[in-house]
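These protein sequences, in sequence, are chains A and B.
Position 53 of the first sequence, counting from 1, maps to 50 under my numbering, and the rest follow consecutively.
Position 5 of the second sequence, counting from 1, maps to 2 under my numbering, and the rest follow consecutively.
Just so you know, the hints here were simulated from the structure itself, not pulled from any lab data.
Incorrect hints may appear among the rest.
Because identical chains cannot be distinguished in the list, a pair is counted as satisfied if it fits within a single copy or across any two copies.
[Unchecked claim] Listed below are the simulated SDA-like cross-link pairs for lysine to any residue, each with C-alpha atoms no more than 25 angstroms apart in a straight line:
#, residue 1, residue 2
1, 95, 38
2, 95, 73
3, 27, 91
4, 95, 72
5, 75, 87
6, 105, 72
7, 95, 65
8, 75, 88
9, 82, 69
10, 50, 89
11, 75, 85
12, 105, 84
13, 75, 42
14, 82, 94
15, 82, 70
16, 105, 86
17, 95, 74
18, 54, 19
Number of protein chains: 2
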Amino acid sequence: MTEGTEQPAMAEQPRTEPRRDENTVYIGKKGVMGYVLAVVTQFNNGAEHVVIKARGKLISRAVDVEEIVRNRFLNDMKIRDILVKTEELTSEDGSLSKVSAIEITIGK
Amino acid sequence: MTEGTEQPAMAEQPRTEPRRDENTVYIGKKGVMGYVLAVVTQFNNGAEHVVIKARGKLISRAVDVEEIVRNRFLNDMKIRDILVKTEELTSEDGSLSKVSAIEITIGK
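Sequences and hints are given; from them, build the entire structure.
Take a look at the structure:
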């Protein structure tokens, strides 16, 4: 659910449903460099900014991704905003649990 | 080294060495609530703001601490600043490794 995916920014792609998260990379359990590539790709496709989102223990990986993107690949990018919050998740048995989340926005 | 400790703000306490980190709570591997208590204690002792610092995988715990302090204990506190950066650590064999770090400042 929090698994990150690259979201190509090709406008001609047919849309069967509204894409709710343009310019967003969700951090999941894959290796850090995959998410770094996803962020760099979005900028290369013309994104003005990219939001890196993560929850729970993956928050530290989101910071790793942001630091690697800016220090190693895109030195002219800056951190525009860092938002932290608490999200409520409904587990399979219907109970609510709270989890911390982070959203790091980077751009020129 | 990154182990968090409560730092009482009693001015009359004898100082054998300069205290370099007033108003700072370092997040370590203990339970979250211990660090929450450390932050709340600093505010109760008159601190105007408290900085929560963590490195590596402990970054997510720093966000947990901040969220619990503000949502459950000190509702009037706000996030004043969130800083992320890369720190270089020297390991025992002398090699350098890089680690992400976060500093969350909360206050009224």
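#### Entry: Unmet hints by their number, sorted upward, for this structure
Of the numbered hints, 3, 5, 8 and 16 do not hold.
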